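**Student:** Just so you know, the protein sequences line up as chains R and B, in that order.
Numbering of the first sequence is given in this note's numbering, commencing with residue 1 and proceeding in unit increments.
Numbering of the second sequence is given in this note's numbering, commencing with residue 1 and proceeding in unit increments.
Hints in this document: simulated from the structure, not taken from any laboratory.
Note that the structure is predicted; figures quoted are calculated from it, not measured.
Any given hint might turn out to be false.
Residues of chain R clear of chain B, computed beta-carbon distances all greater than 12 Å [claimed, not checked]: (1) Arg125; (2) Ala126; (3) Cys351.
Using 25 Å as the maximum straight-line C-alpha spacing, the simulated PhoX-like pairs for lysine-lysine come out as follows [stated by the list, open to error]: (4) B:Lys485 with R:Lys168; (5) B:Lys172 with B:Lys191; (6) B:Lys38 with B:Lys127; (7) R:Lys101 with B:Lys270; (8) R:Lys187 with R:Lys212; (9) R:Lys168 with B:Lys483; (10) R:Lys61 with R:Lys73; (11) B:Lys204 with R:Lys137; (12) R:Lys212 with R:Lys222; (13) R:Lys387 with R:Lys334; (14) B:Lys171 with B:Lys270; (15) B:Lys272 with R:Lys168; (16) B:Lys272 with B:Lys297; (17) R:Lys57 with R:Lys99; (18) R:Lys238 with R:Lys187.
Here are some chain B residues the structure puts well away from chain R; computed CB gaps all over 10 Å [as the list claims (entries may be wrong)]: (19) Ile213; (20) Arg224; (21) Arg240; (22) Lys249; (23) Val268; (24) Glu383; (25) Glu386; (26) Ser397; (27) Gly427; (28) Lys443; (29) Asp476; (30) Leu478; (31) Gln487; (32) Leu500.
Every residue gets a Cβ at the ideal spot worked out from N, C-alpha and C, and that includes glycine.
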Amino acid sequence: MEFQAVLMAAGGGSRMTDLTYSTPKPMLPVGNKPLMWYPLNLLERVGFEEVIVITTKEVYKMMSSDPMKLDVKMKLDVVCIPEDGDMGTADALRHIQQKIKTDILVVSCDLITDVALHEVVDLFRAHNATLAMLMSKAHEFTETVPGQKGKKKTAEQRDFVGVDQSGKRLLFMANEADLEDGLSIRKSIMRKHPRMHINTGLVDAHLYCLKKAVVDFLVDNKSISSIRGELVPYLVRKQFSKTTNSPKTKEDSEDQNQKKNDGSTNHELVISSRDEPLLQQAQERSCWNDHRGDMSEAYHGGKLRCYVHIMDQGLCYRVNTLAAYIEANRLAPKLFEEQAVHPTAVISERCQMGSDSMIGALCQVADKTSIKRSTIGNSTTVKEKVKVTNSIIMHGVTIEEG
Amino acid sequence: MADSGETDGLGPKDGIQQAKTDGKELTKDEKQRLRKEKKQQKKGKEKKDDKASNESEKEKKPVVSSAPPASSVPSTQPTTQKAPPAVPALVPGPASETSALADKPAKSKAELKAERRARQEAERASKQGKKGDVVGQQAPTSKPKAVPSELQPVVKRLPEHIQLDNPDVLKKLAKKYERQQIPLRSDYGYKVSLFSHLHQYSRKAPLTQQISIPSTVIHPAIVRLGLQYSQGIVAGSNARSVALLHAFKQVIRDYTTPPNEELSRDLVNKLKPYISFLNQCRPLSASMGNAIKHIKKEISNIPSQWKEEEAKRSLLSGIDSYINEKIILAAEAVAKSAIEKISDGDVILVYGCSSLVNHILCKAFEKNRKFRVIVVDSRPRLEGREALRRLVQRGISCTYVLISAVSYILPEVSKVFLGAHALLANGYVMSRVGTSQIALVAKAFNVPVLVCCETYKFCERVQTDSFVSNELDDPDDLIVTRKGKTQLEHWQQVRSLGLLNLVYDVTPPDFVDLVITDLGMIPCTSVPVVLRVKNVDQ
Chain R
1 MEFQAVLMAA GGGSRMTDLT YSTPKPMLPV GNKPLMWYPL NLLERVGFEE VIVITTKEVY
61 KMMSSDPMKL DVKMKLDVVC IPEDGDMGTA DALRHIQQKI KTDILVVSCD LITDVALHEV
121 VDLFRAHNAT LAMLMSKAHE FTETVPGQKG KKKTAEQRDF VGVDQSGKRL LFMANEADLE
181 DGLSIRKSIM RKHPRMHINT GLVDAHLYCL KKAVVDFLVD NKSISSIRGE LVPYLVRKQF
241 SKTTNSPKTK EDSEDQNQKK NDGSTNHELV ISSRDEPLLQ QAQERSCWND HRGDMSEAYH
301 GGKLRCYVHI MDQGLCYRVN TLAAYIEANR LAPKLFEEQA VHPTAVISER CQMGSDSMIG
361 ALCQVADKTS IKRSTIGNST TVKEKVKVTN SIIMHGVTIE EG
Chain B
1 MADSGETDGL GPKDGIQQAK TDGKELTKDE KQRLRKEKKQ QKKGKEKKDD KASNESEKEK
61 KPVVSSAPPA SSVPSTQPTT QKAPPAVPAL VPGPASETSA LADKPAKSKA ELKAERRARQ
121 EAERASKQGK KGDVVGQQAP TSKPKAVPSE LQPVVKRLPE HIQLDNPDVL KKLAKKYERQ
181 QIPLRSDYGY KVSLFSHLHQ YSRKAPLTQQ ISIPSTVIHP AIVRLGLQYS QGIVAGSNAR
241 SVALLHAFKQ VIRDYTTPPN EELSRDLVNK LKPYISFLNQ CRPLSASMGN AIKHIKKEIS
301 NIPSQWKEEE AKRSLLSGID SYINEKIILA AEAVAKSAIE KISDGDVILV YGCSSLVNHI
361 LCKAFEKNRK FRVIVVDSRP RLEGREALRR LVQRGISCTY VLISAVSYIL PEVSKVFLGA
421 HALLANGYVM SRVGTSQIAL VAKAFNVPVL VCCETYKFCE RVQTDSFVSN ELDDPDDLIV
481 TRKGKTQLEH WQQVRSLGLL NLVYDVTPPD FVDLVITDLG MIPCTSVPVV LRVKNVDQ
């Protein structure tokens with residue numbers, strides 16, 4: 001088997017507490033489907049047959065209580081973790097290490113996208129990469145969030161992503177919060193890649209292809225708890241560290257100290273397949289190089305490589321803030337060409353419905369109502385003379401007259 | 001066979017006199033005659049008709065005399081009803097023949113045709129009758145019988161990958177891929193009419209778009225390899241073969257024999273869809289084809305009583321020894337022979353990036369030969385830059401030119417070393433496009449051209465031009481952006497414009513002075529000998 005899919009559905013939704021205090025984030029309805037459904041649908045469309053879902057007991061109960069909501073044909077292997085919120089994504093991976101037999105594709109439950117997944121995976125396959133991830137050029141949210149005046153730009157949360165000339169190889173990744181004085185880039189990186197494009201307005205889709213060796217490495221290094229926060233920057237930095245590039249390290253005391261400090265270099269070096277010499281011979285005889293202008297071979301002889309696919313067209317949303325949630329509700333129906341009105345809904349004739357609206361199953365909408373740019377959940381009842389504009393009505397709600 | 005028929009055209013005229021006495025030669029003449037006549041019927045060219053009619057008229061008497069005895073024998077058989085009508089048809093034949101001799105050849109063409117047709121009917125009838133005949137009577141009838149079977153035109157089956165303008169072939173290919181559960185990769189863009197029988201793919205539409213991401217039908221190592229081929233990460237004949245064998249090793253390692261199946265048969269069947277997949281990612285090279293043949297042979301030679309572990313182990317070690325012998329040690333042998341040809345003060349010209357030629361030059365430099373290298377490069381691949389990097393890294397002094405400057409630089413050159421993608425059975429060298437130009441210009445300047453090639457790249461195909469079988473690369477590679485302007489950006493909208501990006505070309509053996517192989521230094525025309533010896537060995 002080539003890949004195992006892992007869906008991280010234990011997130012807290014800390015940035016939208018208004019919504020998540022009652023419903024856990026993975027089960028929030030977007031376009032009348034639970035948020036979890038979208039990444040699962042993406043995996044199913046691409047051809048996965050099994051997914052390992054890491055979630056909390058609460059979500060698992062909700063999933064099993066209403067099976068119709070999650071109508072996916074794949075086999076879901078649900079792993080429950082305690083809800084105390086101490087477990088980061090990397091900790092969760094460590095938890096399921098026994099189940100992982102091949103390279104993994106980690107997806108977050110709040111990702112709604114229509115990316116052609118083969119573009120990310122092809123980078124991972126073709127260059128024998130350790131990490132391949134997906135990012136997207138951010139679009140401004142057009143919706144106004146109730147309760148917020150004007151648009152707030154959280155400038156302290158910027159991510160600096162440095163890619164090489166081709167736009168595929170990931171050279172540098174840091175969050176502004178971690179950079180105290182300024183952006184410093186190692187000389188070794190500049191020597192190997194003299195041209196670097198640094199982007200700040202990218203949305204990280206939290207979709208990662210990781211080699212199996214990385215999971216084994218996580219088991220030995222318990223200090224890493226979050227994939228995005230710690231593991232990815234670590235891997236990006238490790239691409240250019242001297243110890244990985246030169247397997248024949250001299251027995252200097254400095255090197256010994258470095259190894260002790262990192263404690264992980266030995267494990268990283270195991271990122272090599274069997275028949276490594278044969279692959280090396282094939283590479284030597286191949287007249288291809290990923291860069292030109294200097295005297296080094298392809299990939300500068302580095303074994304650890306991180307790649308990124310940056311989407312500039314198409315949908316890619318991470319639903320972790322209120323604004324994103326509203327935007328997603330607006331656009332999600334268009335993503336899947338679902339019927340705006342569910343066939344089981346009972347809508348009376350004198351109801352005005354805008355084209356942007358969606359009505360869920362088993363709804364009853366009475367006369368003289370007007371519904372514009374809204375999403376109405378399943379099993380809701382809307383009585384007469386009601387105007388619903390720009391809203392998201394959850395399931396099982398009753399709106400009285402007037 | 002057809003050639004021999006043509007060249008013997010004058011011979012039978014002498015043989016005609018002996019024809020009556022010597023039955024054997026008669027039938028040979030008959031064969032040639034009737035073969036020619038079949039050709040005439042197909043082509044309908046007057047000149048050939050005249051020629052054949054002249055000869056056939058002279059031959060008509062002996063032929064006619066042999067036909068009636070043949071037809072009379074089967075007349076006893078109930079099945080032969082064609083023979084009696086054939087006999088009366090032949091009777092007026094000789095009568096008209098005499099008049100035909102006097103007339104112009106053009107006039108008697110229709111009659112000759114009728115006679116020929118009648119004769120053929122007689123042959124066919126005699127052949128049918130022969131089936132029911134007693135063995136003793138086979139002597140007179142066997143010759144006519146032998147004639148029709150010889151006459152069946154030699155049906156040459158063209159390989160499917162060069163018949164893409166034939167819709168039947170396309171349908172067959174589509175069905176084959178469907179059966180093997182491999183997606184079909186569609187062609188891209190307008191194909192230049194001379195090359196419309198070949199595939200042309202776009203690099204932006206990889207085959208992996210159409211397969212599921214955790215690929216279950218195709219082994220992941222093969223998917224990775226296919227991607228590396230189509231993106232050009234693994235390029236070059238030797239690199240592709242080594243990478244292919246590496247992937248096959250992984251496939252064999254992960255293989256488990258299903259119950260009630262034999263490893264020797266099932267594994268070969270498992271490999272077929274993988275090979276189709278790789279072929280669609282990038283057409284297979286001759287070296288890859290030979291490697292695949294070798295592996296398939298090894299697999300089918302596994303004795304059935306061996307256990308799976310043992311069989312796998314032997315296959316893996318077989319692959320290792322193949323790589324070691326045919327690629328690594330062969331490179332050493334070629335380098336050893338080639339170094340003798342490099343003398344101090346030489347100026348050596350190389351083209352593109354050939355792993356073998358680079359290896360030779362590095363080894364020669366290690367042995368302290370004093371020479372300098374001129375690297376010739378061409379668009380769009382610009383592989384020479386990689387060759388330049390490898391040579392300069394070792395300390396060899398190099399000059400770099402583009403192929404348009406080759407006639408300018410050639411007066412300085414003392415030898416030309418070329419790498420080969422494959423060596424064809426008629427001595428032609430198939431190599432990167434541009435090689436034949438270099439060889440041509442070198443010949444004009446009287447500079448010796450040496451081709452370096454391992455024997456596992458020798459191929460039994462015969463080709464005299466670069467049109468019949470070639471590879472068309474992505475035409476968008478030719479588009480270049482200079483000063484922010486891309487002139488060819490919308491080339492598809494210009495109806496009369498076609499972009500052609502050829503990959504290979506063939507060099508005739510007249511331009512090649514020597515081929516350096518691991519078996520020694522041979523002239524280009526000895527390639528079929530090597531092939532024959534190899535086949536005998538195997």
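**Student:** It remains to establish, for every hint, whether it holds in the given structure.
**Tutor:** These are the hints, each one checked on the structure:
1. Arg125: Per Cβ check, arginine 125 (chain R) is inside 12 Å of chain B; nearest 5 Å; violated.
2. Ala126: violated, 4 Å
3. Cys351: holds, 43 Å
4. B:Lys485 with R:Lys168: holds, 23 Å
5. B:Lys172 with B:Lys191: Between lysine 172 (chain B) and lysine 191 (chain B) the Cα gap is close to 21 Å, so the pair holds against 25 Å.
6. B:Lys38 with B:Lys127: Holds. Lysine 38 (chain B) to lysine 127 (chain B) sits at ~18 Å (cutoff 25 Å).
7. R:Lys101 with B:Lys270: The given pair, whose Cα atoms are some 23 Å apart, holds under the 25 Å limit.
8. R:Lys187 with R:Lys212: Roughly 30 Å between the alpha carbons, so the hint for lysine 187 (chain R) and lysine 212 (chain R) is violated.
9. R:Lys168 with B:Lys483: Holds - the C-alpha atoms of lysine 483 (chain B) and lysine 168 (chain R) are around 23 Å apart, at most 25 Å.
10. R:Lys61 with R:Lys73: The given pair, whose Cα atoms are some 19 Å apart, holds under the 25 Å limit.
11. B:Lys204 with R:Lys137: holds, 21 Å
12. R:Lys212 with R:Lys222: holds, 16 Å
13. R:Lys387 with R:Lys334: Holds: lysine 387 (chain R) and lysine 334 (chain R) sit about 23 Å apart, inside 25 Å.
14. B:Lys171 with B:Lys270: At roughly 23 Å apart (the allowed maximum being 25 Å), lysine 270 (chain B) and lysine 171 (chain B) satisfy the hint.
15. B:Lys272 with R:Lys168: Measuring from Cα to Cα gives roughly 33 Å; hence the hint is violated.
16. B:Lys272 with B:Lys297: Holds, at about 13 Å.
17. R:Lys57 with R:Lys99: Holds, at about 19 Å.
18. R:Lys238 with R:Lys187: Roughly 14 Å separates the two Cα atoms, so the pair holds.
19. Ile213: violated, 5 Å
20. Arg224: violated, 5 Å
21. Arg240: For arginine 240 (chain B), whose nearest Cβ neighbour in chain R is about 8 Å away, the distance does not exceed 10 Å, so it is violated.
22. Lys249: Label violated. Min Cβ-Cβ 6 Å, cutoff 10 Å.
23. Val268: Per Cβ check, valine 268 (chain B) is outside 10 Å of chain R; nearest 22 Å; holds.
24. Glu383: The claim is violated: glutamate 383 (chain B) sits with its nearest Cβ about 5 Å from chain R, within 10 Å.
25. Glu386: violated, 5 Å
26. Ser397: holds, 15 Å
27. Gly427: Glycine 427 (chain B) is indeed farther than 10 Å from all Cβ atoms of chain R, at 25 Å.
28. Lys443: Fine: 26 Å to the nearest Cβ keeps lysine 443 (chain B) off the interface.
29. Asp476: Holds, because the least Cβ-Cβ distance between aspartate 476 (chain B) and chain R comes to about 16 Å, which exceeds 10 Å.
30. Leu478: holds, 19 Å
31. Gln487: Correct as stated: the minimum Cβ-Cβ distance to chain R is 23 Å, above 10 Å.
32. Leu500: holds, 22 Å
Violated hints for the displayed structure, listed by number in ascending order: 1, 2, 8, 15, 19, 20, 21, 22, 24, 25.
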